[in-house]
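Participant: Okay, here's what each chain looks like letter by letter:
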Amino acid sequence: GENVEQHPSTLSVQEGDSAVIKCTYSDSASNYFPWYKQELGKGPQLIIDIRSNVGEKKDQRIAVTLNKTAKHFSLHITETQPEDSAVYFCAASSDTGRRALTFGSGTRLQVQP
Amino acid sequence: GAVVSQHPSWVICKSGTSVKIECRSLDFQATTMFWYRQFPKQSLMLMATSNEGSKATYEQGVEKDKFLINHASLTLSTLTVTSAHPEDSSFYICSARRASGGSTDTQYFGPGTRLTVL
Chain G
1 GENVEQHPST LSVQEGDSAV IKCTYSDSAS NYFPWYKQEL GKGPQLIIDI RSNVGEKKDQ
61 RIAVTLNKTA KHFSLHITET QPEDSAVYFC AASSDTGRRA LTFGSGTRLQ VQP
Chain W
1 GAVVSQHPSW VICKSGTSVK IECRSLDFQA TTMFWYRQFP KQSLMLMATS NEGSKATYEQ
61 GVEKDKFLIN HASLTLSTLT VTSAHPEDSS FYICSARRAS GGSTDTQYFG PGTRLTVL
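Here the protein sequences line up with chains G and W, keeping their order. Residue numbering for the first sequence follows our numbering, starting at 1 and increasing by one per position. Residue numbering for the second sequence follows our numbering, starting at 1 and increasing by one per position.
Treat each hint with caution, since some may be false.
DSS-like mimics (lysine-lysine), calculated; alpha carbons at most 27 Å apart, straight line [claimed, not checked]:
#1 G/K58 <-> G/K68
#2 G/K42 <-> W/K14
#3 W/K41 <-> G/K22
Covered stretches of chain G (chain W as the covering partner; in silico rule of three or more C-beta atoms under 8 Å from a C-beta of chain W) [claimed, not checked]:
#4 27-36
#5 44-57
#6 86-96
#7 100-106
By construction, these hints were calculated from the structure, which means they are not laboratory data. All C-beta atoms, glycine included, are put in the ideal place defined by N, C-alpha and C.
Please take these sequences and the hints and turn them into a complete structure.
Facilitator: Now the structure itself:
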C-alpha cells in the first residue's frame with residue numbers, strides 16, 4: 001500500500017517568513033495530492049490540492065509543487081501570519097480502488113508574531 | 001458548498017455502552033464516505049470506507065463488529081461504537097467524496113466527534 005512521509009514534524013517561523021513542508025510517497029499509482037490544515041479540536045480543512053498532470057499550483061500565499069519522478073511534493077506558504085499556525089497534513093491517493101487518502105504524519109507550524 | 005457535518009460534536013459515555021455518530025453531507029451527494037480515528041498529536045488513521053447501499057470496507061486491525069457502519073443514503077453515514085471501552089476514546093472524523101458535479105477526488109471532512117469513554 002501507499003506510504004506517505006512528511007517533514008518536518010514541527011516548524012517555527014517568524015511572521016512574514018516563508019514555510020515549506022515536504023512529503024514523499026511510495027506508490028507510483030498515486031495521482032492526487034491534497035494538503036489539509038487542522039486547527040485544534042477541528043476537522044481537517046482542504047487548503048490546496050494538485051493532480052499528477054500538473055507540476056505546480058498556486059492560490060494566493062499558498063503553493064504546492066509536485067515532482068512525480070522523485071515522488072515528492074511540497075507545500076509553500078509565503079508571508080506567514082499568526083493565523084497560519086496549525087497542523088498541516090499532506091495526503092496521497094489514486095483514482096483506482098477505494099481511492100482512500102493516505103496521510104502524512106503532520107507538521108505543527110507555529111508562526112511567531 | 002461541500003459542507004460535511006457530524007453529530008454529536010462530543011460525547012461522554014460509560015464503559016460498555018454504545019455510541020452512534022452521524023456524518024452528513026449537507027449540500028452534495030456522496031457515494032463514498034470515510035471514517036477516520038485520530039489520537040492526540042497523531043495523524044488520521046483510516047478505519048473504514050463506506051459506500052452507499054453496500055457493506056463497508058474495513059482497514060486491517062479494525063473490528064467490524066465493534067465499529068458498525070451504515071451508509072443508508074447518499075447524504076448520511078453512521079458509525080456506531082459498540083460496547084465502548086476507555087481505549088476507544090478518540091477523535092472520530094468522517095469525510096465525504098462527491099458523487100458528481102465537481103472533483104470526485106476531493107474529500108471534505110466533518111468537524112469531528114470527540115468520544116470519551118469513562
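Participant: For this structure, which hints from the list above don't hold up?
Facilitator: none
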